[in-house]
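Trainee: Each chain, written out:
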Amino acid sequence: MQIAKVCGTVVSTQKLPTMTGVKLLLVQFVDREGELLPRYEVASDQVGAGLDEWVLVSRRAIAPHPEGADVRPVDAMIVGIIDTVSVSNGLLYSKKDEYRYR
Amino acid sequence: MQIAKVCGTVVSTQKLPTMTGVKLLLVQFVDREGELLPRYEVASDQVGAGLDEWVLVSRRAIAPHPEGADVRPVDAMIVGIIDTVSVSNGLLYSKKDEYRYR
Amino acid sequence: MQIAKVCGTVVSTQKLPTMTGVKLLLVQFVDREGELLPRYEVASDQVGAGLDEWVLVSRRAIAPHPEGADVRPVDAMIVGIIDTVSVSNGLLYSKKDEYRYR
Amino acid sequence: MQIAKVCGTVVSTQKLPTMTGVKLLLVQFVDREGELLPRYEVASDQVGAGLDEWVLVSRRAIAPHPEGADVRPVDAMIVGIIDTVSVSNGLLYSKKDEYRYR
Amino acid sequence: MQIAKVCGTVVSTQKLPTMTGVKLLLVQFVDREGELLPRYEVASDQVGAGLDEWVLVSRRAIAPHPEGADVRPVDAMIVGIIDTVSVSNGLLYSKKDEYRYR
Numbered sequence: 001m002q003i004a005k006v007c008g009t010v011v012s013t014q015k016l017p018t019m020t021g022v023k024l025l026l027v028q029f030v031d032r033e034g035e036l037l038p039r040y041e042v043a044s045d046q047v048g049a050g051l052d053e054w055v056l057v058s059r060r061a062i063a064p065h066p067e068g069a070d071v072r073p074v075d076a077m078i079v080g081i082i083d084t085v086s087v088s089n090g091l092l093y094s095k096k097d098e099y100r101y102r
Numbered sequence: 001m002q003i004a005k006v007c008g009t010v011v012s013t014q015k016l017p018t019m020t021g022v023k024l025l026l027v028q029f030v031d032r033e034g035e036l037l038p039r040y041e042v043a044s045d046q047v048g049a050g051l052d053e054w055v056l057v058s059r060r061a062i063a064p065h066p067e068g069a070d071v072r073p074v075d076a077m078i079v080g081i082i083d084t085v086s087v088s089n090g091l092l093y094s095k096k097d098e099y100r101y102r
Numbered sequence: 001m002q003i004a005k006v007c008g009t010v011v012s013t014q015k016l017p018t019m020t021g022v023k024l025l026l027v028q029f030v031d032r033e034g035e036l037l038p039r040y041e042v043a044s045d046q047v048g049a050g051l052d053e054w055v056l057v058s059r060r061a062i063a064p065h066p067e068g069a070d071v072r073p074v075d076a077m078i079v080g081i082i083d084t085v086s087v088s089n090g091l092l093y094s095k096k097d098e099y100r101y102r
Numbered sequence: 001m002q003i004a005k006v007c008g009t010v011v012s013t014q015k016l017p018t019m020t021g022v023k024l025l026l027v028q029f030v031d032r033e034g035e036l037l038p039r040y041e042v043a044s045d046q047v048g049a050g051l052d053e054w055v056l057v058s059r060r061a062i063a064p065h066p067e068g069a070d071v072r073p074v075d076a077m078i079v080g081i082i083d084t085v086s087v088s089n090g091l092l093y094s095k096k097d098e099y100r101y102r
Numbered sequence: 001m002q003i004a005k006v007c008g009t010v011v012s013t014q015k016l017p018t019m020t021g022v023k024l025l026l027v028q029f030v031d032r033e034g035e036l037l038p039r040y041e042v043a044s045d046q047v048g049a050g051l052d053e054w055v056l057v058s059r060r061a062i063a064p065h066p067e068g069a070d071v072r073p074v075d076a077m078i079v080g081i082i083d084t085v086s087v088s089n090g091l092l093y094s095k096k097d098e099y100r101y102r
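Chains A, B, C, D and E are the protein sequences, given in the same order. Going by UniProt numbering, the first residue of the first sequence is number 1, and it counts up by one from there. Going by UniProt numbering, the first residue of the second sequence is number 1, and it counts up by one from there. Going by UniProt numbering, the first residue of the third sequence is number 1, and it counts up by one from there. Going by UniProt numbering, the first residue of the fourth sequence is number 1, and it counts up by one from there. Going by UniProt numbering, the first residue of the fifth sequence is number 1, and it counts up by one from there.
Hints were generated in silico from the structure; no laboratory data involved. Some clues are possibly wrong.
Claimed, not checked - The list that follows gives simulated cross-link-like pairs (lysine-lysine, PhoX-like), each with its CA atoms no further than 20 Å apart:
| # | chain 1 | residue 1 | chain 2 | residue 2 |
| --- | --- | --- | --- | --- |
| 1 | E | Lys23 | D | Lys95 |
| 2 | A | Lys23 | B | Lys95 |
| 3 | B | Lys23 | C | Lys95 |
| 4 | A | Lys95 | D | Lys23 |
| 5 | C | Lys23 | E | Lys95 |
To be verified - Here are a few chain B residues that face chain C, going by a calculated C-beta distance under 8 Å:
| # | residue |
| --- | --- |
| 6 | Gly8 |
| 7 | Ser12 |
| 8 | Lys15 |
| 9 | Leu16 |
| 10 | Gln28 |
| 11 | Pro38 |
| 12 | Tyr40 |
To be verified - Covered by chain A, per the in silico footprint, the following chain D stretches (three or more residues, Cβ under 8 Å):
| # | region |
| --- | --- |
| 13 | 7 to 17 |
| 14 | 41 to 55 |
| 15 | 73 to 80 |
What you are looking at is a predicted structure, and each value in this text was computed from that prediction instead of being measured. Virtual Cβ for every residue (Gly too), placed ideally from N, Cα, C.
Modelling step: build the complete structure from the supplied sequences, incorporating the hints.
Mentor: As structure tokens, then:
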């Protein structure tokens, strides 16, 4: 998974029926030092992430099934809100303190 | 998913039978500031996207099934037409106004 | 999918049994302006693509199945030969005229 | 798989139910000469890797199943702790000696 | 698939049970002109590839199955040993002559 920061929302009304009810957040990837990278993803959110929170983003393969089952065609999703990121020389991020240490 | 702008169409007549009836659009990726990137994809469209519209593109894994089921071997598809992209300091894009704010 | 130009062939005799009978072409990716990129793939071909033709290449996920079914472990395949690529200001490529317009 | 060095841990309490009990490590990729790259992944660990150890990281496709089965939505996992990496002109890494040779 | 050159071996004893018996080779990718790229993969080998041989590497999606079946969590595998790579202006590589032509 990648570490990302929630930075916006995306709204789409004309979409595939399987996309109905999916909350879409714009998340921007964070590098190893905690700085924002230019790379982003539009990820589905089922954990209730809010603006500026750090989240874990998992890329998901959309394997179409021959049975025609309706699986959501979402290739990135937020799997958790990050509490802390610890590296060898201390805390890189803590949600509680709401700021990065380095 | 990535945000992309529809910029063209691709036509192929000699193709795999499973590709029959797939509408193919050339979409160019958009960066975090709303500028066009050099990266593109040829994506299938089932939502009726038009030229210059901003769309959500999902990368799709084509898992071949041992049952030999005919799943479309398409690795990118348009899953929705974007209405708005909102970031912390306002609207980045609105389809209604048909122009980017920044 | 990506747009690519067929630029060579690859032959392998000592290979996995599931790779038997797979025709392998070396395809080089084409950018948004129709220029060749350094990136390439060795893709399987079932549509009969020839040298210098523009093709659509789909990346394929090889999901191993627990039933042990023999699916070909090919992660890129040619899904169609391109006739035309049209962008907002005209034709980018036409197979018929056998040359790029821009 | 990629070779990576364990460099930290990530804690998340508010997460998808399927992520419960997953130990998450921050691993930083290592290049062909054994130097750390800026690229990282947050990977699940089931082999008991420790800080500074070199591990093998496998990217995993999360194919959602129509049966709604609870598969962990983890797209990177540690599949083994590396003992040695040997290249043509000698050892690149040996866990026993706990240091890189070049 | 990508063209790569076998350049080393990786040994791991403490690993996932599903990784038992997997032979792991360090392969370095080769560019369109036959030069080595910095990018590498640790790939499983079932075709008996040897040091310095050119091989075809396929990236594999590890789709976890809800049935809990033990599929090997390997995301790159050698699917064949390359005999020849031919491009429009001649041979790029031939295993027999054991050297590159250009």
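Trainee: Now tell me, hint by hint, if it's right for this structure.
Mentor: Hint by hint, here is what the structure shows:
1. For the hint pairing Lys23 of chain E with Lys95 of chain D, the CA-to-CA distance comes to about 19 Å; that is within 20 Å, so the pair holds.
2. As the CA atoms of Lys23 of chain A and Lys95 of chain B are separated by approximately 19 Å, the hinted pair is consistent with the 20 Å bound.
3. The straight-line distance between the Cα atoms of Lys23 of chain B and Lys95 of chain C is roughly 19 Å, inside the 20 Å bound, and the hint therefore holds.
4. A hinted pair counts as satisfied when its Cα atoms are at most 20 Å apart, and Lys95 of chain A with Lys23 of chain D qualifies at roughly 19 Å.
5. Straight-line distance between C-alpha atoms of Lys23 of chain C and Lys95 of chain E comes to about 19 Å, which keeps the hinted pair within the 20 Å bound.
6. Taking 8 Å as the C-beta cut-off, the interface hint given for Gly8 of chain B holds, the closest approach to chain C being about 4 Å.
7. At a threshold of 8 Å, the smallest CB-CB gap from Ser12 of chain B to chain C is about 3 Å, leaving the interface hint in force.
8. With a cut of 8 Å, the hint placing Lys15 of chain B at the interface with chain C holds, because the nearest CB-to-CB distance is about 3 Å.
9. With its C-beta approaching chain C no nearer than about 5 Å, Leu16 of chain B sits inside the 8 Å limit, and its interface hint holds.
10. Against a cut-off of 8 Å between C-beta atoms, the interface hint on Gln28 of chain B holds, since the closest Cβ of chain C lies about 6 Å away.
11. Evaluation of the Pro38 of chain B hint against chain C yields a held restraint, the C-beta minimum of about 6 Å falling below 8 Å.
12. Annotation: interface hint on Tyr40 of chain B holds; nearest CB of chain C at approximately 5 Å, less than 8 Å.
13. Closer than 8 Å: that is the beta-carbon criterion, and the region 7 to 17 of chain D has 10 residues meeting it against chain A, so the requirement of 3 holds.
14. Given as covered by chain A, the region 41 to 55 of chain D passes the check, having 5 residues with a CB less than 8 Å from a CB of that chain where 3 are the minimum.
15. Remark: the region 73 to 80 of chain D is confirmed as covered by chain A, as 4 of its residues place a Cβ nearer than 8 Å to a Cβ of that chain, reaching the required three.
Checked against the numbered hints above, the structure violates none of them.
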